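Chains as they are written, first to last, in our numbering: chain A, 1 to 80; chain W, 101 to 180.
No lab work stands behind these hints: they were computed from the structure.
Think about it this way: if two alpha-carbon atoms lie no more than 25 Å apart in a straight line, the pair counts; the simulated PhoX-like pairs of lysine-lysine are:
no., chain 1, residue 1, chain 2, residue 2
1, W, Lys153, A, Lys19
2, W, Lys102, A, Lys40
3, W, Lys102, A, Lys10
4, A, Lys19, W, Lys102
5, W, Lys119, A, Lys4
6, A, Lys40, W, Lys119
7, W, Lys104, A, Lys2
8, W, Lys119, W, Lys140
9, A, Lys2, W, Lys110
10, W, Lys104, A, Lys19
11, W, Lys140, A, Lys4
12, W, Lys153, W, Lys102
13, A, Lys4, W, Lys102
14, A, Lys40, W, Lys104
15, A, Lys40, W, Lys110
16, A, Lys64, W, Lys119
17, A, Lys2, W, Lys140
18, W, Lys104, A, Lys4
19, W, Lys110, A, Lys4
20, W, Lys140, A, Lys10
21, A, Lys2, W, Lys119
Covered stretches of chain A, going by a simulated chain W footprint (3 or more residues, C-beta under 8 Å):
no., stretch
22, 26-40
23, 46-60
Here the structure is a predicted model, which means the values were calculated and not measured. The beta-carbon is built from N, C-alpha and C at its ideal position, and this holds for glycine as well.
There are 2 protein chains.
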Amino acid sequence: MKAKVFVTLKPGVLDPQGKAIEHALGGLGFDGVNEVRQGKVIELDLAAEDEAKAESEVEAMCRKLLANTVIENYRIEIEA
Amino acid sequence: MKAKVFVTLKPGVLDPQGKAIEHALGGLGFDGVNEVRQGKVIELDLAAEDEAKAESEVEAMCRKLLANTVIENYRIEIEA
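So that you can see chain A by itself, here it is in the shape it has in the complex (with noise of 0.2 Å):
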């Protein structure tokens, strides 16, 4: 079964390498970009055949390594 996990940074928490992209954009002609965030995708290969098992998994991961919950949202997708 194959999870995805969205690691986004909450709102309000500065993002230098979204800033960063912005100038870069800038820099080759795109005018239009009034903002620009980056986060992280992590794609998990898990053994468990069980969809809830799976999604309460990946969950406890989440909050134990794969985000630091204090400046960081994420969002978790089970993949059948």
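Given chain A's structure and the hints, the job is docking chain W onto it.
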């Protein structure tokens, strides 16, 4: 108009960050993890109002800056 770009390593390209996460999850007692790959999400806030125009603009951004198409795939999602 908002756009999301998902940049992931092509299959076969070594992913040391993903491997590091895999080992760390194993160390924390999460056993049923076969593989982990890490990618990027880039969230863009665009001035463009037209969906087709926004998509072609983001496509150009991907080719010029956001993705290294030699080793990375990208997927674009436009949100109205």
